[in-house]
Amino acid sequence: MNRIKLLLVDDEKPFLDTITKRLEKRGMKIQAAYSGKDALVELENNKAIEVVILDVKMPQMDGVQTLIEIKNRFPLVEVIMLTGHATVETAIDGMKLGAFDYLMKPCDIDMLVAKVKDAMEKKRKHDEKIMEARMKEISGRMV
Amino acid sequence: MEQSLTDRKAFYQILTRKIMVLILVVSFSPMILTTGILVYRFNLTYTEKIQAHISELVQKHTQNIDTFLSEKLGNIRYLARQFDSKQQSPKIFLQKNLGLLKKEYGDVFTDLGLVNGNGIQFAYEGPFKFENADYSDAEWFIKASDKPFYISDVFAGLRGHPHFIIAVKITSNGSDYILRSTINFGAFNSLVENIHIGKTGIAFLINSKGKLQTQTNVGLKQSIIASMMDSDCYKNNETIFAKKQDALGNKYLCVTSRLKNIDWLMVFRQDLNDAFRDLWKTQLLALAIFIFGCIAILSVAFTLPRNIVKLISSADKKSEVMNKQVVESGKLATIGELAAGIAHEINNPVAIMVEEAGWIEDLFEEEDLTGSENFDEFKRALSQINTQGKRCKEITHKLLSFARKTDSTVNDVQINDAVKEIVSLTAQMARYNNVIIETNLNEGIPYIRIAPSELQQVILNLINNAIDAMEKSGGTIKIETKISQIEKNHLVISMEDNGPGIPKNNLDRIFDPFFTTKAVGKGTGLGLSICYGIIQKMGGKIDVHSQIGSGTKFRIWIPFQEEIIEVTDNDSESEIQGEKT
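Which chain is which? The protein sequence lines are A and B, in order. Per numbering that gives the first Met the number 0, residue 0 is the first one in the first sequence, and the count goes up by one each step. Per numbering that gives the first Met the number 0, residue 0 is the first one in the second sequence, and the count goes up by one each step.
To be clear, the hints were calculated from the coordinates, so they are not data collected in a lab. Each hint should be verified, as a subset may be incorrect.
To give an idea of the chain B side of the interface with chain A (calculated C-beta under 7 Å), a few residues [to be verified]:
no.	residue
1	Leu157
2	Pro161
3	Val349
4	Ala350
5	Ile351
6	Glu355
7	Asp507
8	Asp511
Positions of the beta carbon are idealized from the N, C-alpha and C atoms, including for glycine.
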């Protein structure tokens, strides 16, 4: 199985750094972004990113706005929302807007990993289906 | 606070006084004016009427007496003209004419007599033997000699009982005679005695010297009669009406009228009390009504403003409590927001700490530290950090959830959850005060439609009060929720502590706003009052039982809709059906 390519978005640098290390240790390839804008730039540059972990509460461009933008421009990327308790409602809103799931801070690392894997699987299956459809189209043309 | 309270009291007092004065002025002035004018006018009219009535009566009688006298005088004068000493003997003349007069007028003329110039009555006809009586010294004779006719005052004379004389001068054959006749006093007296008004109204005649000319039933002293004499009485012929006071201080009415034929006065006397009795009765009645009206106005003026002001003050108090509630809930909302902010800010560092601990744990797996003697200690410390991190998370989450709910939006609430949330919030504080909170939350309590934050405010308040009460001694708070057995469709939350209890005197007042037993500045005295307001708004009720030394029990009843139970019943039915199929 390929290493999961993950983008972590949070304005809290220490949190982001530690969690990056811990996830890398669990065999994932991590990109970090410290704001919503950075995240969008990162996604633009690195098309291989499959899953985004997105903090809801960020200065300037908050999680929900970032999510809308991501889903607009990169519809196939799966997003997991990370939230404090007070913003569960916004996390739910986020899921309605197409986020894969949400997690509450501080979160258990194993749970996070599990959710990321689920998201990745969904994304890969989705990709496969798209590939199959394309293949059919191409093979259909050949016949 | 106290300042404003005294200010308000002064304001209410001023208000009371203003309303009172207004009522007094507005009701008294027209009443006094109306009563005064009416009584005055009535008095005037009635007095005039009485005066006119008596005056007329006296006048009429005066005329009657005048007529009587002039008629009798006329008779005698006629007789005098008839007399001719040459034609017949005087004796026979007198005899014949007295007979005629008696026939015509009854017993009015007592006797007839002829007196010569020397005052010797040479002829007499009557019941007495007065022939040759000598009248030369008699007053009437002296007066009658100068005038063509004369009517004497009443006097006793020769016969020894009162009578009066009509004397007419005759000039016949060159010598003067006087024809005199005695008038029956009884017949004359009855003319005057007929005037009788009320109890004390009497009439009598007096002569110019103030001597009584008629008999009266009432004994009148000479001095009293003299006092009635007035110089004015003789000046004109008019009837004079006067109010006087006698020596004894009795006020009386005095009406005098002068006779034309003789120098006598007709006097009518009546006590004022008697004459105006009807008027005074009316005045007394009016006075009674007036006093009654005054009392009524006064009582209204004193009670009404007080009641009005009481209403106003209670309305003021209510609105003040409302204001306090608004402020209080606003404060709570602010605190909620603050708490939310703090919780969120703490949440992030805690998350980082937990992550760092996790990272160390991850690293331990790589390093081979099994040989290290402190390896177990490291592991324990890390797991402790994890545990405490989770505890922090729990606390912040509770704070956040409480903060989020400090609004009064109505929701379907399961009270057990609300109670649990508050209990866990206060658990820490309770522990510090050696208070144990026990809960007995029965299952199957229906959801109720209320504002959850308000209910939590009530429970929080009651728990805080209980903890405050048991601050020194410590104790137990038992919280129980169940469906009420007493009230239909109500659930009941009871909260019992075993603290010092509430004194009986205070028990009635604990729900009053601003009632507090805490030190100044420690309590607003609004907590329970707000609770009461909230429970009332929910359509529920709250009561309290307390026993000094053994504790206090609050019970809150909140109504729930029956449909909710029915729905759950239906659910259970469908479940049973589901099992069957």
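Structure-based check of each hint:
no., hint, in the structure
1, Leu157, "violated (142 Å)"
2, Pro161, "violated (130 Å)"
3, Val349, "holds (6 Å)"
4, Ala350, "holds (4 Å)"
5, Ile351, "holds (5 Å)"
6, Glu355, "holds (5 Å)"
7, Asp507, "violated (43 Å)"
8, Asp511, "violated (38 Å)"
Against the hints set out earlier in the document, violations occur for numbers 1, 2, 7, 8.
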